[in-house]
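Engineer: Given the coordinates of chain A, assemble chain B onto it according to the supplied hints.
Number of protein chains: 2
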Amino acid sequence: MKVVIAGGGFGGLRLARKLNNKKGIEVLLVDRFNYHQFQPLFYQVATAGLDASNISFPLRKVFQKSTNVRLRMADIRKVDVARKVLVTDIGEIGYDKLVIATGAGTNFFGNKELESNAFSMKSTVEALQIRHRLMENLEQATVEKDPLEIERLMNIVVVGGGPTGVELSGAIAEMRNYVLPKDYPELDFSKMNIYLLEGFGKILGAMSEKSSAQALTYLKRLGVTVLTDTQVAGYDGKILTNKDGSKIQAATVLWAAGIKGQIPEGITDVQPVRGNRLPVNKFNELEPYKDIYAIGDVASMVTESYPNGHPQVAPVAMQQADTLAKNLLAGASGRQLTAFSYKDKGSMATVGRNLAVVDIPKPNVHFGGFLAWMVWMALHLMLILGVKNRLFVFLNWVYNYVTYDQSLRLIFREFHRSGTTGRVPPAG
Amino acid sequence: MKVVIAGGGFGGLRLARKLNNKKGIEVLLVDRFNYHQFQPLFYQVATAGLDASNISFPLRKVFQKSTNVRLRMADIRKVDVARKVLVTDIGEIGYDKLVIATGAGTNFFGNKELESNAFSMKSTVEALQIRHRLMENLEQATVEKDPLEIERLMNIVVVGGGPTGVELSGAIAEMRNYVLPKDYPELDFSKMNIYLLEGFGKILGAMSEKSSAQALTYLKRLGVTVLTDTQVAGYDGKILTNKDGSKIQAATVLWAAGIKGQIPEGITDVQPVRGNRLPVNKFNELEPYKDIYAIGDVASMVTESYPNGHPQVAPVAMQQADTLAKNLLAGASGRQLTAFSYKDKGSMATVGRNLAVVDIPKPNVHFGGFLAWMVWMALHLMLILGVKNRLFVFLNWVYNYVTYDQSLRLIFREFHRSGTTGRVPPAG
Chain A
161 MKVVIAGGGF
171 GGLRLARKLN
181 NKKGIEVLLV
191 DRFNYHQFQP
201 LFYQVATAGL
211 DASNISFPLR
221 KVFQKSTNVR
231 LRMADIRKVD
241 VARKVLVTDI
251 GEIGYDKLVI
261 ATGAGTNFFG
271 NKELESNAFS
281 MKSTVEALQI
291 RHRLMENLEQ
301 ATVEKDPLEI
311 ERLMNIVVVG
321 GGPTGVELSG
331 AIAEMRNYVL
341 PKDYPELDFS
351 KMNIYLLEGF
361 GKILGAMSEK
371 SSAQALTYLK
381 RLGVTVLTDT
391 QVAGYDGKIL
401 TNKDGSKIQA
411 ATVLWAAGIK
421 GQIPEGITDV
431 QPVRGNRLPV
441 NKFNELEPYK
451 DIYAIGDVAS
461 MVTESYPNGH
471 PQVAPVAMQQ
481 ADTLAKNLLA
491 GASGRQLTAF
501 SYKDKGSMAT
511 VGRNLAVVDI
521 PKPNVHFGGF
531 LAWMVWMALH
541 LMLILGVKNR
551 LFVFLNWVYN
561 YVTYDQSLRL
571 IFREFHRSGT
581 TGRVPPAG
Chain B
161 MKVVIAGGGF
171 GGLRLARKLN
181 NKKGIEVLLV
191 DRFNYHQFQP
201 LFYQVATAGL
211 DASNISFPLR
221 KVFQKSTNVR
231 LRMADIRKVD
241 VARKVLVTDI
251 GEIGYDKLVI
261 ATGAGTNFFG
271 NKELESNAFS
281 MKSTVEALQI
291 RHRLMENLEQ
301 ATVEKDPLEI
311 ERLMNIVVVG
321 GGPTGVELSG
331 AIAEMRNYVL
341 PKDYPELDFS
351 KMNIYLLEGF
361 GKILGAMSEK
371 SSAQALTYLK
381 RLGVTVLTDT
391 QVAGYDGKIL
401 TNKDGSKIQA
411 ATVLWAAGIK
421 GQIPEGITDV
431 QPVRGNRLPV
441 NKFNELEPYK
451 DIYAIGDVAS
461 MVTESYPNGH
471 PQVAPVAMQQ
481 ADTLAKNLLA
491 GASGRQLTAF
501 SYKDKGSMAT
511 VGRNLAVVDI
521 PKPNVHFGGF
531 LAWMVWMALH
541 LMLILGVKNR
551 LFVFLNWVYN
561 YVTYDQSLRL
571 IFREFHRSGT
581 TGRVPPAG
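If you're matching them up, the sequences are chains A and B in order. For the first sequence, the numbering used here begins at 161 and goes up steadily by one. For the second sequence, the numbering used here begins at 161 and goes up steadily by one.
Same shape as in the complex, but just chain A (with noise of 0.2 Å):
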């Protein structure tokens, strides 16, 4: 049986590894890049925290020793359902199952200005281009004599008062207060504003009424401005134009306010839910295939506890994984399949240096501070895949912490092949 896992990310990686070296199962991991990716610590590759490949494992060292996984580093194209063939830029893959797992994107709402202008924190490569974004403007703000300009350069707006941009907002507000003056003796960061924009009426909306009105004092305590009830109308690359009219100057801005489950096409005996996810059935069956599945992100399960799905995190594509691993093995040798159960261990964000906050539903217990900022980080280092990411990842904390420096503050910017001089004068 040749099974196809279309998405290397916490639902697709768990699932091949939880297949692999089985008999009988020959597993194909498709992804468009050539390593897993530690979403969590996105924000931290963005704010110069960590290096990009501390938070990447390459996917092939992973199943070095596999006798029945290999990878293939393809952009899926579409599902060709009646021929068993996913189709790709490296040519056409057949499969006896295939498992979407191919996560979520941003969803800018159909908003294409915001699209073209705004900065979305998907994956380790756009996370990238922020950081160097941020530095960039910086840098031109040295050389700008219009104050207006100045100020339209240094502001940031982070728009989605969910973890990824109250981590983000936290992180970048850090960066103002501890390391960007000292780099930047020209600029007047008194002049700096960092907005966090929530469309609803609070931050971190997912998680305890306590956690989140923590995680908001400790925000205001680092001094980003915090703006709930407030919808983003457009942005045109230095305004930023609310619902209410009201208009910020912005030469960035960090778009974290909505995702949408990722569909190869073809797919088309499936209507998508909300968020543009796939409905699948207690087995995670895509029902009108009878060779199809989705986990993660990509996947909404319908549940009594869960009538809109699960939560798009991590531990639900992981779970998925594991449940789905025992059904192909159950399904092959003509067991009995077991339905999806999540278990939800609980949830946090972390705001910044000794600040985070914590919800465990069993018992039901929330807690803040320099605790729970441990505990976050103690578990997204056992999380990371790898001991010498893991090794790095602790080092570049510890390093942070005692230094209060964020030190990779680098722009690698790929220039074309064809001009591999770059940026170097031309020789006389």
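Hints may contain errors.
Copies of the same chain look alike in the list, so a pair counts if it fits in one copy or across any two.
Keeping only pairs whose Cα atoms sit at most 20 Å apart, straight-line, the calculated DMTMM-like set for lysine to aspartate or glutamate is [said to hold, decoys possible]:
1. Lys221 <-> Asp565
2. Lys272 <-> Glu447
3. Lys162 <-> Glu346
4. Lys305 <-> Glu252
5. Lys221 <-> Asp348
6. Lys182 <-> Glu346
7. Lys420 <-> Asp396
8. Lys342 <-> Asp249
9. Lys221 <-> Asp249
10. Lys351 <-> Glu304
11. Lys398 <-> Asp306
Note that these hints are calculated values from the structure, not bench results.
Structural biologist: Frame of chain A; chain B shown alone:
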């Protein structure tokens, strides 16, 4: 007095540090990147042994506490000597004294075909581009059917038998010997050929006979095909043709066969000498001008011991910076100037694990093997800027040595901003 330093390499950075916090001197350091690059380890970035950040140091961090050194990230376009202005992409920069420390770029000796098809490695970003190309070619080889094309994708030609070519070909051979077969079980690495081409009769021509011969032995041991007296005529991106008519199939050609001084336009009263270097007197002055200096790779100072100018290596640039700093300070207070005198402490090259060669001129000593390799590592660790970089390079080396693994096999290619979803499949 306003001293403008064009270039933050070994020479330019050293000069700025020597002038740091000196009264009566304002310094502006201009570089196209926002970090200092540690060139000697580019080859380890290219071969996935080190992170780009490990060998890069943010220039602004060096001068955080400086009272007189300011920084600009800019492309140098030309020098307007009449108006005493450096013209850059971010505007004009006036100077009282200008120090040209723009270093050397790749020299393709006018061969446009080579320039557009071969890779050079004169910046961290170019090193990353080589890494990406190596990885992408292997990915492509896994899905290629044509045996000739597979061979072409796997083969690598390094042109130029100097330290860079030797180090690069040795490091690639170690990847092939230890790492790649585990990553790509579907490929036959006995078919991957690594060539090192040298136009003259021996590799490491600037070092002792012993070192040259020993490096050749090491390279052969690692399985590198070394071809001396072999000059490249052309390369169309698929087939490399030598002047003797022989051909090599290779999708990747790395060009380390020549450099040339990067002289900004506008220096019209001085004729560049061999290697496009600016002739300077013993005070590193550009004689027709009274306020322009050149140091390092871009400068050529003819002395009795060095009738063709000094070797284009970091120690020369740094020692010239030291002398020039002294002279700028002396000149400002009417004291006598010091002529530059180069203290050659020796040269070294590394080929692979436990394999390096060292020449020391006084006393005339040569040694190789494990001891040379340890000396090479200790010296490079010492020279790298920043405690954190030093620690991270060291840890990477320990990791690579213990595991026989260069673990950073990651392709972080930026995509065009407007397509923020990049290689993501289109949402259904």
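Engineer: If a hint holds in the structure, say so; if it doesn't, say that too.
Structural biologist: Comparing the hints with the structure gives:
no.: 1; hint: Lys221 <-> Asp565; verdict: between (32 Å within a copy, 10 Å between copies)
no.: 2; hint: Lys272 <-> Glu447; verdict: neither (33 Å within a copy, 58 Å between copies)
no.: 3; hint: Lys162 <-> Glu346; verdict: between (61 Å within a copy, 17 Å between copies)
no.: 4; hint: Lys305 <-> Glu252; verdict: between (55 Å within a copy, 14 Å between copies)
no.: 5; hint: Lys221 <-> Asp348; verdict: between (46 Å within a copy, 17 Å between copies)
no.: 6; hint: Lys182 <-> Glu346; verdict: between (61 Å within a copy, 19 Å between copies)
no.: 7; hint: Lys420 <-> Asp396; verdict: neither (23 Å within a copy, 44 Å between copies)
no.: 8; hint: Lys342 <-> Asp249; verdict: neither (47 Å within a copy, 25 Å between copies)
no.: 9; hint: Lys221 <-> Asp249; verdict: neither (23 Å within a copy, 43 Å between copies)
no.: 10; hint: Lys351 <-> Glu304; verdict: within (14 Å within a copy, 56 Å between copies)
no.: 11; hint: Lys398 <-> Asp306; verdict: within (14 Å within a copy, 51 Å between copies)
Hints 2, 7, 8, 9 from the earlier list are contradicted by this structure; the remaining hints agree with it.
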